[in-house]
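J.: In the working numbering, the protein residues as written are 126 to 470.
Some clues are possibly wrong.
Claimed, not checked - Under the rule of at most 20 Å between Cα atoms (straight-line distance), these lysine to any residue pairs were calculated in the SDA-like manner:
#, residue 1, residue 2
1, Lys250, Ser278
2, Lys250, Lys463
3, Lys250, Ala182
4, Lys250, His404
5, Lys250, Gly333
6, Lys250, Glu164
7, Lys463, Pro178
8, Lys250, Asp275
9, Lys184, Lys250
10, Lys184, Glu246
11, Lys463, Asp329
12, Lys463, Ala182
13, Lys250, Leu179
14, Lys250, Pro185
15, Lys184, Lys463
Hint data in this document are derived by calculation from the structure and do not stem from the laboratory.
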Amino acid sequence: MIARLPQAAGALLLALFVLIGCGDGDDVHAVPLSEPALETDTAQLDAALRCTPLTHADKPPVLLVHGSFTAGYEQYDWSWLPLLAERGFDVCTVTYPDRGLGDMQVSAEFVVHALRRLRAETGRKIALIGHSQGVAVSRWAVKWWPSARDAVSDFVMLAGPNHGTTQATNGGLLPLLSAVGLVPEAIYQFAPDSHFIAATNAGDETPGEIDYTALYTQFDELVQPVSPVPTSAVDYGLGNPRVANILLQDVCPGRFVDHVTIGLTDRLAFELALDALQHEGPADVARAGGETLCGLAPIVPDQIVSPQAVQGLLAALRASAQGGLPDPHFAAAEPPLKPYARGGG
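When you get a sec, could you build the whole thing from the sequences and use the hints?
T.: Below you can see the structure in the form of structure tokens.
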């Protein structure tokens, strides 16, 4: 069974550190012959998925994928999850290991498994929402596993490093740390010229019958560049009707949204994502409300200050403490591509 979420909110304190898948349930463990086998233990994959009750058959279940340095419940239980649940969506979070410091090819397996589980249990296609690294690992899942790709109807990407980020290579400290093996594996993979980014974008950047919405902000301090060609965009300038690349400041000039708040508290980003989930095709600014969205207050759900939220925060902190410090996955170079990804897209 998929673990059910308590009503309590996740860890608000740890959210400050954010950087930023039809049939019998048992069938999910069968590996399609044409797909890469998952290397991660099934019990670990199962434990990473947490869901509200899957009872709203009229809407797609939503899978929320967190950013670096956090966990699914920490980032979303107090922010996007309650807002989506209030609007009648079944909502799940998946947490990949070691706060995203390790090989993103491994982290992507958690998204693959989650999509398979949700598709098997609900018989419905999934709306996938990722923030920062949550976009990167989700794109990898959709790229290389047809079962994951076929399980997705919409993919909303919040500040995704879709073409890497120059912040992963800027500054003189990184070469020094790399020389002594003190850089986490994932940092290498964020570089614009990494093998991971090249393999992700090889061939079709937007595979499958999926509507893609990329949301990004001028004030993102981590995912750069934003101009002239936004690294967060996909199929940029190609006129793909299943793709919407939206700079938030094009909707609301001067609106301050940074890398963290786009995936946590910015109401404009949330409403555009909601528009994508509620309609055919990607997000449409005018349909979502246009300039009327600019006056919306940040997301501050009642659950943050409720007694249930306090209990949820304490439980999350205890769980994190019991788990100990994450493995930093220090390495001297980028992890090699898995065999299935070495032939291109």
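J.: Checking against the hints above, which ones are violated?
T.: 2, 6, 7, 12, 15
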